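Going by this note's numbering, the first residue of the sequence shown is number 3, and it counts up by one from there.
Just so you know, these hints were derived from the structure itself, not from any lab.
The model shown is predicted, which means the values in this text are computed figures rather than measured ones.
One thing to keep in mind: the hints can contain errors.
As the list claims (entries may be wrong) - In the EDC-like style, the derived pairs of lysine to aspartate or glutamate whose C-alpha atoms are separated by at most 20 Å in a straight line are:
#1 K14 with E82
#2 K70 with E94
#3 K44 with E55
#4 K44 with E32
#5 K70 with E55
#6 K70 with E82
#7 K67 with E79
#8 K77 with D90
#9 K77 with E54
#10 K77 with D87
#11 K14 with D87
#12 K44 with D90
#13 K77 with E66
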Amino acid sequence: MAGYVYIVTNQKRGTLYIGVTSNLESRIFEHREGLTLGFASKYGCNRLVWYEEHLQIGTAIQREKSLKRWYRLWKVELIETMNPDWRDLYFELW
Numbered sequence: 003m004a005g006y007v008y009i010v011t012n013q014k015r016g017t018l019y020i021g022v023t024s025n026l027e028s029r030i031f032e033h034r035e036g037l038t039l040g041f042a043s044k045y046g047c048n049r050l051v052w053y054e055e056h057l058q059i060g061t062a063i064q065r066e067k068s069l070k071r072w073y074r075l076w077k078v079e080l081i082e083t084m085n086p087d088w089r090d091l092y093f094e095l096w
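I would like the entire structure built from these sequences, with the hints used as guidance.
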């Protein structure tokens, strides 16, 4: 089963939330609609600004854990490498 690691935010260079899922479209929809309770909804993190696909969900989970240990600056640089304008990528996926 494939997996995705993703980062959502509330605004450019705002609060970052890193997550993992096997269904990126559905999971980001949940964030956008405020259907997920916890950190992401508390801080309004509903804009997809970065994602990465993995062939195995286990690999995606390992990558998520690794990214969560990164310094914030590294995460910002990772986002800006793929998405320098911090566009909401949700509508560009499908």
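Quick check: which numbered hints come out false for this structure?
-> 2, 3
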